[in-house]
Amino acid sequence: NAGVMQNPRHLVRRRGQEARLRCSPMKGHSHVYWYRQLPEEGLKFMVYLQKENIIDESGMPKERFSAEFPKEGPSILRIQQVVRGDSAAYFCASSPGAQGNTIYFGEGSWLTVV
Amino acid sequence: KQEVTQIPAALSVPEGENLVLNCSFTDSAIYNLQWFRQDPGKGLTSLLLIQSSQREQTSGRLNASLDKSSGRSTLYIAASQPGDSATYLCAAPLSSSGSRLTFGEGTQLTVNP
Chain D
2 NAGVMQNPRH LVRRRGQEAR LRCSPMKGHS HVYWYRQLPE EGLKFMVYLQ
52 KENIIDESGM PKERFSAEFP KEGPSILRIQ QVVRGDSAAY FCASSPGAQG
102 NTIYFGEGSW LTVV
Chain Y
571 KQEVTQIPAA LSVPEGENLV LNCSFTDSAI YNLQWFRQDP GKGLTSLLLI
621 QSSQREQTSG RLNASLDKSS GRSTLYIAAS QPGDSATYLC AAPLSSSGSR
671 LTFGEGTQLT VNP
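Order-wise, the sequence lines are chains D and Y.
In terms of my numbering, the first sequence is numbered consecutively and its last residue is 115.
In terms of my numbering, the second sequence is numbered consecutively and its last residue is 683.
Calculated from the structure, these hints are not laboratory results.
The C-beta atom is built at its ideal place from N, Cα and C for all residues, glycine as well.
Heads up, a few of these hints could be off.
Using 30 Å as the maximum straight-line C-alpha spacing, the simulated DSS-like pairs for lysine-lysine come out as follows [as the list claims (entries may be wrong)]: (1) 28(D) x 52(D); (2) 612(Y) x 52(D); (3) 28(D) x 45(D); (4) 45(D) x 571(Y); (5) 72(D) x 612(Y); (6) 612(Y) x 63(D); (7) 612(Y) x 28(D); (8) 571(Y) x 63(D); (9) 52(D) x 72(D); (10) 638(Y) x 45(D); (11) 571(Y) x 52(D); (12) 52(D) x 63(D); (13) 45(D) x 612(Y).
Here are the simulated distance ranges between beta carbons [as the list claims (entries may be wrong)]: (14) 99(D) x 630(Y): 26 to 32 Å; (15) 52(D) x 625(Y): 31 to 37 Å; (16) 583(Y) x 52(D): 40 to 46 Å; (17) 63(D) x 680(Y): 37 to 43 Å.
Given these sequences and hints, build the entire structure.
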């Protein structure tokens, strides 16, 4: 039973380019979460999705960031026109239900904007 | 708004020592509390999950306690080993938001052989 799979593990983008981060949840999990960890900072919630629905995006920056979790395929976190301040580790997590369940994290995607 | 604080920020102990990591939260209306471990350049590994109705959970040399009334949780590590060296994070979702975890800043533990 594979864990939460994220790719790419490391991504380098020039300022102004787009970054796409993918997350496949654990088998049987329909709830996906994205968190960001900036250098020397803690993890911050970004967005919570279920299949085809965004449940809570209160942690997402208002511009340039979007997330989806289509009926088929992985969840995608998309960052348009990246800036140096977007350089961070982006973690995806999944759970089988909405509340009271253990949340499992992927290994993260490290984005570097040059 | 939930705020989670962990102390100490860093801890260095000799191998074999028992130790306690502390986590406090401002809003006691939590659904559960989860302890994670993060190794450098890696993701988070879930260690223990304590439901709001529970007082403690144990897994091997780890024991986590939860006191909702005082807004505190502790992670006790018995007979520490160098392999325990990592950053330990606690996180709690508000019962009103179910899934959204608020993390502490973590305690960076170093166990010296």
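State the violated hints by number, sorted upward, taking the hints as numbered earlier in the document.
Structure breaks no hint.
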